[in-house]
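S.K.: So you can see what is in the structure, the chains are spelled out below.
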Amino acid sequence: MRTSECDIVVVGVGGQGVILISNVIGKAALKSGLPVRGAETHGMAQRGGSVLNHLRLGCEYGPLVPAGGADILLALEPAEALRYAHYLSREGVALVNTHQVLPATVTTGKARYPPLDEILAPLRKICKEVKAFDATELAATAGNLQTMNVVMLGALSRYVPLQEETLIEALSESIKTKFIEVNRRAFELGKKEIDAK
Amino acid sequence: MKEYLLGNAAIARGILEAGAGVVTGYPGTPASEIVESVAPFAKKRNLHVEWSVNEKVALEVASGASWAGTRAAATMKHVGLNVAADPFMTLAYTGVSGGLVVIVSDDPFCHSSQNEQDTRRYAQFANIPCLDPADPQEAKDMCVYAFELSEALDLPVLLRPTTRVSHARADVELGGLKERRSNPEFVKDPAKWVMLPAHARPRHTELLKKQERIKAALADVPWNPFVLRGELGVITSGISGLYTEEAIKQLDADISVLRIGTFPPPEELCSEFLQHICTVLVIEELEPVLEEYVERLARLHNPDLSILGKMSGHIPREGEFDSLLVRNAIAQMLDLPQEEVPVLKEADEILPSRPPALCPGCSHRATYYAMRKAFSKDAIFPSDIGCYTLAVRMGTIDTCLCMGASITVASGIRFGGEERDICCSIGDSTFLHAGLPGLLNAAYNKARITVAILDNSTTAMTGHQPHPGTGFTVTGEETSMASINAIARALGADFVEMVDSYDVNGAIETFTRAKKFPGLSVVIAKQSCMITARRAGVRRRPFVVNTENCTGCKKCVQFGCPAIEFEGDSARINALCSGCGVCAQICENKAIEVVE
Chain Y
1 MRTSECDIVV
11 VGVGGQGVIL
21 ISNVIGKAAL
31 KSGLPVRGAE
41 THGMAQRGGS
51 VLNHLRLGCE
61 YGPLVPAGGA
71 DILLALEPAE
81 ALRYAHYLSR
91 EGVALVNTHQ
101 VLPATVTTGK
111 ARYPPLDEIL
121 APLRKICKEV
131 KAFDATELAA
141 TAGNLQTMNV
151 VMLGALSRYV
161 PLQEETLIEA
171 LSESIKTKFI
181 EVNRRAFELG
191 KKEIDAK
Chain L
198 MKEYLLGNAA
208 IARGILEAGA
218 GVVTGYPGTP
228 ASEIVESVAP
238 FAKKRNLHVE
248 WSVNEKVALE
258 VASGASWAGT
268 RAAATMKHVG
278 LNVAADPFMT
288 LAYTGVSGGL
298 VVIVSDDPFC
308 HSSQNEQDTR
318 RYAQFANIPC
328 LDPADPQEAK
338 DMCVYAFELS
348 EALDLPVLLR
358 PTTRVSHARA
368 DVELGGLKER
378 RSNPEFVKDP
388 AKWVMLPAHA
398 RPRHTELLKK
408 QERIKAALAD
418 VPWNPFVLRG
428 ELGVITSGIS
438 GLYTEEAIKQ
448 LDADISVLRI
458 GTFPPPEELC
468 SEFLQHICTV
478 LVIEELEPVL
488 EEYVERLARL
498 HNPDLSILGK
508 MSGHIPREGE
518 FDSLLVRNAI
528 AQMLDLPQEE
538 VPVLKEADEI
548 LPSRPPALCP
558 GCSHRATYYA
568 MRKAFSKDAI
578 FPSDIGCYTL
588 AVRMGTIDTC
598 LCMGASITVA
608 SGIRFGGEER
618 DICCSIGDST
628 FLHAGLPGLL
638 NAAYNKARIT
648 VAILDNSTTA
658 MTGHQPHPGT
668 GFTVTGEETS
678 MASINAIARA
688 LGADFVEMVD
698 SYDVNGAIET
708 FTRAKKFPGL
718 SVVIAKQSCM
728 ITARRAGVRR
738 RPFVVNTENC
748 TGCKKCVQFG
758 CPAIEFEGDS
768 ARINALCSGC
778 GVCAQICENK
788 AIEVVE
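Those sequence lines, one after another, are chains Y and L. Under the working numbering, the residue at position 149 of the first sequence is numbered 149, and the numbers go up by one with no gaps. Under the working numbering, the residue at position 296 of the second sequence is numbered 493, and the numbers go up by one with no gaps.
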């Protein structure tokens with residue numbers, strides 16, 4: 001018996017804007033009249049650590065998505081996608097930005113960063129669908145690398161029970177006016193990427 | 198009107214809806230955002246909001262405000278209550294005037310703490326009520342109620358959210374804001390406010406008599422709902438109630454549920470519930486506080502009741518829960534198969550770890566580099582709590598116990614007979630919080646140690662809050678600026694010198710002289726936190742590796758800055774470089790240059 005309309009885990013590296021888009025989705029859910037619950041990791045933004053946010057749309061229970069319960073894994077970084085892949089349900093969908101961010105354990109030569117196919121292979125085996133693309137490059141096309149998270153938000157819009165206009169409205173309320181245009185472009189590019197596949 | 202609010206922001210809203218006049222606290226995850234969410238309203242709502250020097254100060258200041266007739270709240274993380282425990286325990290005797298709410302955020306699983314202690318034990322210890330919210334809405338509503346309860350009982354009241362309430366977000370229904378009380382007044386009453394033994398004894402008697410009034414007051418609150426169904430029952434505390442409701446719905450189970458949101462739990466309600474069932478599973482995070490109540494009540498009202506919980510091994514006594522863990526515990530009670538927790542072993546096998554690290558350009562990395570060069574890795578490095586603790590991989594963090602313990606543990610290691618060099622390290626905010634007594638003790642009792650005070654002019658780890666050394670208050674007003682240099686001298690240290698963390702040779706030279714000093718030496722390594730500098734508009738030219746000069750020795754890579762990589766046979770500086778220039782000083786081949 002479902003206790004939530006849509007369970008999402010949003011993952012990435014501190015500083016990529018995981019909290020910002022989690023909040024945009026949450027606000028959009030509120031605007032749509034859905035009860036919504038979220039849980040965040042604080043303090044990792046400047047320290048480049050691993051970030052995991054939970055988001056439950058149409059839910060009135062606890063904010064944590066249990067392992068194996070996520071309908072969607074929204075991953076702003078590929079290694080983080082695999083690190084948290086166990087949250088996905090068998091019918092779940094993974095949306096993955098393929099642009100890697102090397103952790104200090106790799107840049108100082110203490111660990112190896114696996115190639116993309118080694119990361120995506122196990123991911124493809126445990127869920128229904130994986131859409132992987134370079135959202136950072138799309139953000140560059142939009143005009144600002146910082147909008148990568150919004151590219152991913154655009155991709156997500158194709159999978160959540162929320163209206164696109166509501167998401168854009170919530171997004172516009174969460175960022176400075178001068179950045180709205182470039183973010184709308186980023187959103188569109190993310191959306192189109194899913195439609196094209 | 199609903200808003201999508203962070204739990205701590207919802208609590209802040211509750212403080213405003215209750216018409217509080219004073220809000221205090223010390224930064225600490227997961228409580229920091231409460232004061233930060235109230236601060237913007239300080240002027241408009243005529244509130245005094247402050248970051249206090251430490252939690253004991255925060256609680257005492259809030260007490261003073263309460264005793265003057267003004268509603269007040271003191272906020273802190275769970276270990277902060279340890280610091281505030283002295284006033285906390287005796288406040289139960291003195292009582293309050295304006296409502297006093299102590300808001301303490303617990304951290305099950307120690308996401309960002311040295312331990313995962315259970316604040317409900319403090320409520321039992323002090324004999325005062327504790328409210329345990331399950332979500333941001335309850336946190337807000339309980340906060341408003343806590344002030345009323347405090348005044349009705351003449352007791353401080355504990356509000357105890359946990360990480361998954363404080364840092365959760367939910368749609369929250371807002372109430373109206375209330376003005377703070379006008380005409381505050383401190384009414385003299387030595388029998389109540391002066392805890393001499395002759396006054397304390399009758400106040401203790403009074404406190405014990407109040408326990409019945411506490412039970413009566415909590416009997417009718419809306420946060421202890423129960424549903425009677427089958428003979429198997431679950432009793433839960435706080436957020437575990439939500440996990441339980443979800444699990445029961447998913448299992449479609451015929452289980453009676455009693456959710457407890459207030460401590461002490463309502464005896465009549467519990468007894469009625471316990472008499473209806475034959476087996477109970479008690480689900481709560483951390484300590485078996487509720488379980489112990491249930492055992493006691495069962496002995497009186499249903500001695501044949503089978504009690505499952507931590508004692509029986511059905512529920513863990515450590516870490517945090519989620520709906521899957523709770524679902525499995527309930528399935529076990531129902532003799533249903535438990536679900537395996539999904540785990541992807543490939544992830545652990547091939548992925549590099551990504552722990553939080555010191556930022557590119559962090560002054561602490563530079564300071565520790567110099568410290569280690571001067572003292573050598575054979576020295577002992579007691580340390581403390583802050584961003585700098587992340588330097589544990591640099592080999593310069595040998596201990597971390599609690600706020601301020603760096604200096605005192607260092608002294609103790611020396612007095613205990615350790616002969617090697619000892620250099621402890623402590624941040625500026627930590628030093629002002631709890632380091633002053635330790636440094637005074639080290640001077641007074643003659644500890645031959647070196648104390649490195651890492652002064653980056655902020656309280657960084659918890660979100661860059663100001664402190665008395667920064668010259669600004671939480672509301673951004675200018676104020677007096679404490680001089681750590683002058684303090685160290687005034688406390689009795691004979692060797693006190695300052696260095697710029699980014700001046701590697703200067704720092705090594707000063708640390709070397711401090712090491713040789715036959716007494717207590719203090720080195721203040723001063724350099725702005727890289728993030729605060731950037732936010733203030735400071736822009737430094739980045740650096741680049743001259744691959745012709747680079748010999749591939751990897752000294753810069755070992756420095757550990759996230760901006761330094763190694764590609765092919767030479768080092769490479771990536772886009773994260775903040776321009777601190779420390780790696781250029783470390784390089785022995787003049788292979789790192791500033792980009793002109």
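Hints should not be assumed to be uniformly reliable.
Straight-line distance between alpha carbons at most 27 Å, and here's what the computed BS3-like set of lysine-lysine pairs gives [as the list claims (entries may be wrong)]:
hint: 1; chain 1: Y; residue 1: Lys128; chain 2: L; residue 2: Lys542
hint: 2; chain 1: Y; residue 1: Lys110; chain 2: L; residue 2: Lys446
hint: 3; chain 1: L; residue 1: Lys446; chain 2: Y; residue 2: Lys128
Since the hints were made in silico from the structure, they are not lab data.
S.K.: The structure should be examined with respect to each hint, and the outcome stated for every one.
M.R.: Tested hints:
no., hint, in the structure
1, Y:Lys128 x L:Lys542, "19 Å, holds"
2, Y:Lys110 x L:Lys446, "46 Å, violated"
3, L:Lys446 x Y:Lys128, "25 Å, holds"
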